[in-house]
Amino acid sequence: MSNKIVLDNKVHETDSSRQYIRLPLLAHIEIDSITYNISNLSSGGLSIKNFPKTTLGKVINVKLILPFNNFSMDLNLSIEAAHISGESIGFKFINLNKEKISTINHVISSYISGDVLKSEDVLNIMSRENFVNMRKNNKSITIEEGKKTSRISRMLSYYIIYAVGLFAALFIIVNIVESVFVLESNYAYVNASTITINSKFNGVYKNLLSKNIKEVKKGDVIAQVISNKKTMYVVSPCDCYIINRGIRSGDHIPKNYNIFTLMPIGNSLWVTVLIKPENIDRVNIGDSVFITIAGQDNKVRGRVQSISIKHRNGRNSIYMYDGEIRDAVFIDVALSQAVSPNFVGRPAKALFLFFDFIKQKEA
Amino acid sequence: MFANYSGKYDNYKKKTILPSGFLGFFIYTLVMVAMAMVLPDMAIDAKGDKIIIIIGLVAIWRYSWGLLHFIRSLIYRHIVFPRYRARVDAGIEYLMPSKVYLMVTSFRINSETAIRSFRAAINEAVNCGVPATVVASLVELADERLVIQLFKAINTPERVKLHIVRVPGTGKRDGLAQAFRAISRDMPPDDAVVAVIDGDTILLDGCVRRSVPFFKLMPNLGGLTTDEDCEVKAEGFICSWLSFRFAQRHISMSSWSLSKKLSTLTGRMSMFRASIICSKEFINEVEDDHVEHWRFGRLKFLTGDDKSSCYHLIKKKFDLLYLPDVLVKTIEHPPSPSFMKSSTMLLMRWSGNMLRTNSRLLVLGPRTTGFFIWWCLLDQRVSMWTALTGPMFVVFMVIKYSISFVYIFIVWIALTRWIMALMLLSSRPVLDWRYPFAMYFNQIYGSFIKTFVLFRLNIQSWTRQKIKLKLDKNSGNERLTALYSHLFHLISIVLFILVVGYISGFFKYPEGIFSLNYII
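Protein chains in written order, with the working numbering: chain A, 2 to 364; chain B, -4 to 515.
Honestly, the hints are just simulated from the structure, not real lab data.
Be careful, since some hints might not be right.
Using 25 Å as the maximum straight-line C-alpha spacing, the simulated DSS-like pairs for lysine-lysine come out as follows [unchecked claim]:
hint	chain 1	residue 1	chain 2	residue 2
1	A	K99	B	K147
2	B	K395	A	K350
3	A	K277	B	K503
4	A	K50	B	K336
5	B	K156	A	K5
6	A	K50	B	K228
Just so you have them, the derived chain A footprint on chain B, three or more residues with Cβ under 8 Å [unchecked claim]:
hint	segment
7	128 to 137
8	155 to 163
9	473 to 487
10	490 to 503
Glycine included, C-beta positions come from ideal geometry on N, C-alpha and C.
So that you can see chain B by itself, here it is in the shape it has in the complex (with noise of 0.2 Å):
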């Protein structure tokens, strides 16, 4: 028979009535209150009103953007989905696809990582049940001799092969390609179904059967990802920071997918269908994808390949789901012990690969992409700005009033982090403290990445093979497009601090100053 979905959320060992991590967010939350209950009488004063009406009407509209989500996901997750995953188990035999691809990328990965993600693929290419092609995407002889190893070592039936394709490493994206195009060469039935996978990924037992029964079921799906919990080579704050994102994603997809839309088809693991994957129009796409800005001219993608598929299949109107009973577990290397640069490369090779597809994602407009979908896309670009609202009031309150606003407003923000990590119990069986740390570390500094990138969207880089797309720096050209980069850059900043300071009433029309008429 074949394996049943289980292994959920293994990370968790304990298996308590509470949920993990409870002590210490129990112990936060009585240092929570305890500092609420010695709040400054500010707080509760004219001034205090100020601040909380002020940066209320800010946080109203995040906090009910939040919670719209939330129950979003709710609905998707406990209505919606178990509609479609009683579909699929009562009718599987009949809905499985005559072939999957399941190709796995893979570059200067760690051994270990390889071994298991290659063993975890080669494993559910036997278990699916149907002829399964694994496809290696590699660039190094040693990668080779490593899959090829594996591969023989477990005894696979007929029906399963292996194909291995070797190209230059010049990046993800014609690896990808390349690997497409082997597929094609294949000719893959009309109802084939791909696998994209990276080299860092590991497939849980019977990911592929539950997955792939979808896009019989769903005639227009043309592409769906799964739920994704993390295995981090670290320790420290970043464990937590990734596992609280992993987390949050799970109610983002899950709230995105009740529109059968997605911002990304996760690079990680996601599927197609093989009739879009051997199209030539989609590995252009994903080989060749760029924008034309109007400073920078013609912008080539390096990275965030999953973004461009993802524009692919909502430009042709193409239906995406998100599976959130399927998971798959990714074994996170952080780029530099550092957590600070660590956590710096990576906001910032995802924000930019964020900021450099969606606006042309809001191009399509919401005909195509839908509403909900178009205004979430529309809310990306304001929220790096709302976000810093609440700091930024802060500072003209300390500045104008008393430094007491710094206190309130950090009771505030634990207050807030409070609820949010209570809702993130939805998604993980985990209450961990550091959420509320990790939730505001990524929103905060997180905007203050994304508003440099978006400025900056010229440079890009791979985190793993630490290359950068060079640019000439000592052309004239280059030099210039950089100084426009920092001069708007600055001129944002200015613009937002006059903004947020005049609506504080902290910045007012300078009266005085053109009083001076009356003497000069």
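In isolation and in its complexed conformation, chain A is listed as follows (with noise of 0.2 Å):
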């Protein structure tokens, strides 16, 4: 060998699987006038892919056919099936003599070499052959102990994990329980029966009540609207308390502006909820309901008293609520406890719980 090349082994032969180049060389071989292709061809024996079922040891006389472009070699070896992996059975040579060992090893040289392959040559290559197989290396690999972080400190980084992957999981489930068996109302507002009292004519607004004064008797004057020509005395047509006054005196007011708007003393307030159509099938007469208003810390309970989808003064039912134009589904619910008539108008946001043992509690 020549002193440019270094070997600097650092295995046994005993250790390597493969001893001989494999080659996808076209050749093939011929059993009984059938022709199978082979897949790899190296000194110590070939492979072939979709050959019959064969069994491991099982040695069979074949002729293996060498094409080139101008003949072609056959040579008539005995081969023995030594494994079987997949579709593919790999067969080593047996019993070769020293002539077919040189005449396959030529071949494989030349082909790697990309040489012309001369049917005259023959070059007699040693090769160290070692028919011990690999020994088989049980033991699997560990992974080394090394340092692991303290004991305690690892259990409290998996306590902590543990918590919030438990208060993730709670959080999510709670959520879908509620989106099962709670609704709640996309707007809902405070409502209650009013008397509105009208400006008859234009003129200036003048105001005869002090400002701290909520309620007033029927038959009480609270206000004058004044023009060139009449006065029109406004006049309480009950004990009421009043809702609305958003005048100032001398402002100048149109015809049909709504002065006053009063609610009867005694009269109870109750809650209009807005929900989506969608979900009417999911509330009923009767149901329990929880109301927050706006202003108030505490939650107030009601019950379901009617259900329509179109206001109650018969207009349309297109209302806007989220910033959105929609069909309403409206819902009044009656209130189990007063609330302050200064509540009328105010924004409020309303629960329903579908739980059965809510129902079975109520009932």
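Grab the two chains, each in its own frame, and use the hints to assemble them into the complex.
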């Protein structure tokens, strides 16, 4: 061997499993006039795909055909099934004489070198052959223990992670449960039966009540509307709460302008709740509702009194909520406790709870 | 004279004005436009705005990050690197090292591939013009015979030598370490350069001569790697997927190299200073790399030697360089005929390598790695989750509003990937209509795999040898470890769903449930 090639072996040959170069040469074998293409050929054997089933160790006599441009070379050989892997069966050559070994080696060497193979050239190549099988290494590679963080800090980390995970899972589960058993209103407001007093003509408004007065008695003169030709005296039609008086004395008001909104004392308030039409099947008359009114901390309970898809006064059912125009279902909810008349018109939030045990308890 | 560099992207044989694959991509564009024209009204509705705004915030971050890499890669390839190349070309004789080692590792590689690889390495050793040694790190006698025959068949001058190192088949790291020691025993000169080459990599003409001068040009340069193109020994979608990955690599590497740092020194072909290769610390790091994990204890690395070498160089504050105008060809043999199996195996190996080493690079801090690189490393850990936010949002929108959001999302993805495929033109003269699909598959499925591997870093395997790091599954301790891995993975998924759901408004504070106390 030339001094340009250095061999630095760190392993004994017995530890190697493949000793011969395997090449995908266009060769085939013939057994009883049936031809099989070879997928790989080496000095030690060959492999074939889609070969009929055979058993390991079976010896077969074959004719190895190596086709070249102008000639072909046929070699009668014996092969033994050495391993089966999927569709492929590997055979090893047995009882090859030196001439056949050299011939196969020469073909393979020429293929590697890219040389044109001449039929008269025969190269005698010495090779180290070792028929001892590779020692199987049954030991599994285990992970070295190495340094681990202290047990306490590790367990603490585990518990923190578990706690966070548990919280997250519960949060999701509760949300899912709520989406099934709880319905939140899209919009709600405190409602009441009211009496509105409008101006009969254009004129200047003059307030006759002090700012602090919230209640009036029937027959009280509470305001005036003065025009050039006439004066209108606003008289309270009932013992009422003053819900709305948004005008200042001296303001000029047009005809039919709403001067006062009054609610008769003794009338109860209710909450009108708007939900999406697709949720109408979930709500029934008598269902419990929990109302939160803007400006109040505590919740107020109520019951569904009526469900309608048109507004009471017959207006179109298209209403705006959440900034969008949608159809809405109107639900009137009677409150279980009194609410101050000051809250009329205030926005609210309603929650419908559909748990069976609530309905049973309510019943 | 020395071989001129040529043959870049020989895979793309047609020399036409339009890039290869243009017709398919044009049809893809037409289909995408047609889909966009029949978007439901919801796409421009208030609810549609919500999905676009929510996804858009994450998308802006992700896409702006991708755009930044793209711009940086253009700056590097068209402005910064040409200056380096001009300096190298002007003084190449002076900048060539006194010796070059071409170290090729090979184990159970298809003979045809091995022949091409070794032949190319030997030819490059001849053509580089300086004393060169081809170091073949081999396991099997068959490979030894092959290399010797090839070496003899090529008429090599006296200055070119072959050094064969036979090693036990205990893994690539051991093979590399033994070969490094063999080089060390040769007592290479101070300015020698070592190319570490995989046995399925083919060096193209002039590769060595165009690469090694950079080490003298840049005194602080520790290692470099080059552009790669693949020849896939398979058919089907895997060809497009691998081709896309290499195209994307070209852009990412160029961007990183602008900061003179890289995320990895690709094991297919990288070059190092011989003084680094021969250092005991480096050899030990490659041979016996490990991390201390709080759950798994000492994790010895089996694969990812490229990451180990890169970590070592970054730790020692060496510069790393990417050469965008030097190409090597890799022969890819997918580990399985099935695309899903192949991609899963490959992604698990790559993700595992990245995740096992990423955290220790972060620990080095931005002062050592540079702020941009450090941010990229952090992004690697975060991106596996952000990539999944889009599909998760869509799921919530579908549950809450309408299935139409799936269609809207598909059109959005088709459009954004169309743009990104066009950006890949700067990397490869190809407009493959499969690239958008490969991109999205890589993003989503890759993220799934990363999140899976993140909690199972102890599972390692080679794809070629089909050997796994065997855990003693009968051991109670190992079963408990596996159980914890599943549990932590599940917790992370739950947390992810919660965060995304909360941001999208799907989950909220459960006020209704807490109203029960009024009854109970």
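We went through each hint and held it up to the structure:
1. A:K99 / B:K147: This hinted pair holds, its Cα atoms lying about 23 Å apart.
2. B:K395 / A:K350: holds (20 Å)
3. A:K277 / B:K503: OK: K277 of chain A and K503 of chain B at ~19 Å, within 25 Å.
4. A:K50 / B:K336: Satisfied, since the Cα-Cα distance of roughly 22 Å is no more than 25 Å.
5. B:K156 / A:K5: Distance of about 5 Å is within 25 Å: holds.
6. A:K50 / B:K228: holds (18 Å)
7. 128 to 137: holds (count 4)
8. 155 to 163: holds (count 9)
9. 473 to 487: With 5 residues close enough to chain A, the hint holds.
10. 490 to 503: holds (count 7)
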